[in-house]
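2 protein chains.
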Amino acid sequence: MAKVAVIIDDMFEDSEYTQPAEAFNKGGHQLVHIGLKEGAEVKGKKEGTSVKIEKSVSEANPRDYDALLIPGGYSPDHLRVDKDAVNFAKKFMEDNKPVFSICHGAQLLITAKALEGRKATGWKSIIQDIKYAGAEYLDKEVVEDGNLVTSRHPGDLPAFIEACLKKL
Amino acid sequence: MAKVAVIIDDMFEDSEYTQPAEAFNKGGHQLVHIGLKEGAEVKGKKEGTSVKIEKSVSEANPRDYDALLIPGGYSPDHLRVDKDAVNFAKKFMEDNKPVFSICHGAQLLITAKALEGRKATGWKSIIQDIKYAGAEYLDKEVVEDGNLVTSRHPGDLPAFIEACLKKL
Chain A
27 MAKVAVIIDD
37 MFEDSEYTQP
47 AEAFNKGGHQ
57 LVHIGLKEGA
67 EVKGKKEGTS
77 VKIEKSVSEA
87 NPRDYDALLI
97 PGGYSPDHLR
107 VDKDAVNFAK
117 KFMEDNKPVF
127 SICHGAQLLI
137 TAKALEGRKA
147 TGWKSIIQDI
157 KYAGAEYLDK
167 EVVEDGNLVT
177 SRHPGDLPAF
187 IEACLKKL
Chain B
27 MAKVAVIIDD
37 MFEDSEYTQP
47 AEAFNKGGHQ
57 LVHIGLKEGA
67 EVKGKKEGTS
77 VKIEKSVSEA
87 NPRDYDALLI
97 PGGYSPDHLR
107 VDKDAVNFAK
117 KFMEDNKPVF
127 SICHGAQLLI
137 TAKALEGRKA
147 TGWKSIIQDI
157 KYAGAEYLDK
167 EVVEDGNLVT
177 SRHPGDLPAF
187 IEACLKKL
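Residue numbers (our numbering), protein chains in the order written: chain A, 27 to 194; chain B, 27 to 194.
What the hints contain is simulated information worked out from the structure, not anything from laboratory work. There's no promise every hint is true.
Claimed, not checked - Calculated pairs, DSSO-like style, for lysine-lysine (alpha carbon to alpha carbon, straight line, at most 30 Å): (1) A:Lys150 to B:Lys192; (2) A:Lys69 to B:Lys150; (3) B:Lys52 to A:Lys72; (4) B:Lys139 to A:Lys145; (5) A:Lys145 to B:Lys150; (6) B:Lys157 to A:Lys116; (7) A:Lys72 to B:Lys192; (8) A:Lys166 to B:Lys52.
Claimed, not checked - To be clear about the criterion: a stretch of chain B counts as covered by chain A if any three or more of its residues have a C-beta under 8 Å from a C-beta of chain A, and this derived list gives those stretches: (9) 114 to 127; (10) 132 to 139.
Claimed, not checked - FRET-style restraints, in silico, Cβ to Cβ: (11) A:Gly181 to B:Lys139: 24 to 32 Å; (12) A:Gly181 to B:Asn113: 44 to 52 Å; (13) A:Asn87 to B:Glu162: 47 to 55 Å; (14) A:Asn87 to B:Lys139: 38 to 46 Å; (15) A:Ser84 to B:Gln56: 25 to 33 Å; (16) A:Glu85 to B:Arg89: 25 to 33 Å; (17) B:Ser84 to A:Gln56: 44 to 52 Å; (18) A:Asp92 to B:Asn113: 29 to 37 Å; (19) B:Glu85 to A:Asp92: 33 to 41 Å; (20) B:Gly74 to A:Thr75: 34 to 42 Å; (21) B:Glu85 to A:Glu64: 36 to 44 Å; (22) B:Glu64 to A:Gln56: 47 to 55 Å.
Positions of the beta carbon are idealized from the N, C-alpha and C atoms, including for glycine.
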């Protein structure tokens, strides 16, 4: 069973957290919610889903986790200004551990310069960002490239979750 | 006196619209509010400032305007998925007309591939996007490069507005 770090902040896309989280829990995997401030409660953008941050990213060690989930919404825009959050995500990519990114999630990987030479997808507003970041952008419900699993939007969640579970 | 197109959608950063708008009006310039749907009311992210869209971007002709203002917040993330909005902004850059972009505004210019070879600044979350887009990123309150005036955040508004007014 895997220990999955969820890196998350306010205005995350609710379903892009709740649906993978439910599926990972059902599969017997453990989720640890990591954010900018331990103890803070962060909220979803549309439904106001509340998530308690269990560990500050400045204190979290990537070695303690088997995989990383990056839900979308405007959460990645907040996280990518934090050097610790960027380095945290970067380490999973460098260590070739499973990284699951949906929607705007790829923004965090762009700031980490972790998409160069990779195949990826993401929300349509960031297509040009993904291309400029040196990735091959694919308009598919799920793109699997080694350790990296990416999807475009909530409509892709069934395919995204299935691909993620296979990596855990 | 100049006719300034303001391209704007929901969740714009209130002050990045209200303060330039007030200064442009005071200077005798005309503002036309352009968005995704004529007649729609779009709202600011923090203060709920309401802006009525006077013209749909699909109907708007860049030739009718002397300059373009792109306020930040999450408005540019919405606008950059719309091909007409992207082409509208692109045309001002191609025609060398004044373009004023603050905060996340540069995202629209990135999708328009209009930052290649330019000097620019923007909100810290998009620094790597700006660099990958082929621009030289400068951490300054205002960056002037030919027709293009860019700033980082609301704290830069006095310098931004001063630089914009000089171009009108």
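Hints, one by one, checked against the model:
1. A:Lys150 to B:Lys192: Judged against 30 Å, a Cα distance of about 35 Å means the pair is violated.
2. A:Lys69 to B:Lys150: holds, 22 Å
3. B:Lys52 to A:Lys72: Violated. Lys52 of chain B to Lys72 of chain A sits at ~38 Å, over the 30 Å cutoff.
4. B:Lys139 to A:Lys145: holds, 21 Å
5. A:Lys145 to B:Lys150: holds, 26 Å
6. B:Lys157 to A:Lys116: Roughly 18 Å between the alpha carbons, so the hint for Lys157 of chain B and Lys116 of chain A holds.
7. A:Lys72 to B:Lys192: Violated: Lys72 of chain A and Lys192 of chain B sit about 41 Å apart, past 30 Å.
8. A:Lys166 to B:Lys52: Violated. Lys166 of chain A to Lys52 of chain B sits at ~49 Å, over the 30 Å cutoff.
9. 114 to 127: violated (count 0)
10. 132 to 139: It holds: at least three residues are needed, and the stretch 132 to 139 of chain B offers 4 whose Cβ sits within less than 8 Å of chain A.
11. A:Gly181 to B:Lys139: 24 to 32 Å: Once the Cβ atoms are compared, 27 Å apart, the range 24 to 32 Å for Lys139 of chain B and Gly181 of chain A holds.
12. A:Gly181 to B:Asn113: 44 to 52 Å: violated, 26 Å
13. A:Asn87 to B:Glu162: 47 to 55 Å: violated, 36 Å
14. A:Asn87 to B:Lys139: 38 to 46 Å: holds, 39 Å
15. A:Ser84 to B:Gln56: 25 to 33 Å: Violated: the Cβ-Cβ distance is about 49 Å, outside 25 to 33 Å.
16. A:Glu85 to B:Arg89: 25 to 33 Å: violated, 56 Å
17. B:Ser84 to A:Gln56: 44 to 52 Å: Since the Cβ atoms of Ser84 of chain B and Gln56 of chain A sit about 49 Å apart, the hinted range of 44 to 52 Å holds.
18. A:Asp92 to B:Asn113: 29 to 37 Å: The hint (29 to 37 Å, Cβ to Cβ) is violated, given that Asp92 of chain A and Asn113 of chain B are roughly 45 Å apart.
19. B:Glu85 to A:Asp92: 33 to 41 Å: violated, 52 Å
20. B:Gly74 to A:Thr75: 34 to 42 Å: 23 Å Cβ-Cβ, so the 34 to 42 Å window is violated.
21. B:Glu85 to A:Glu64: 36 to 44 Å: Violated: the Cβ-Cβ distance is about 50 Å, outside 36 to 44 Å.
22. B:Glu64 to A:Gln56: 47 to 55 Å: holds, 51 Å
Consistency note: the structure conflicts with the earlier hints numbered 1, 3, 7, 8, 9, 12, 13, 15, 16, 18, 19, 20, 21.
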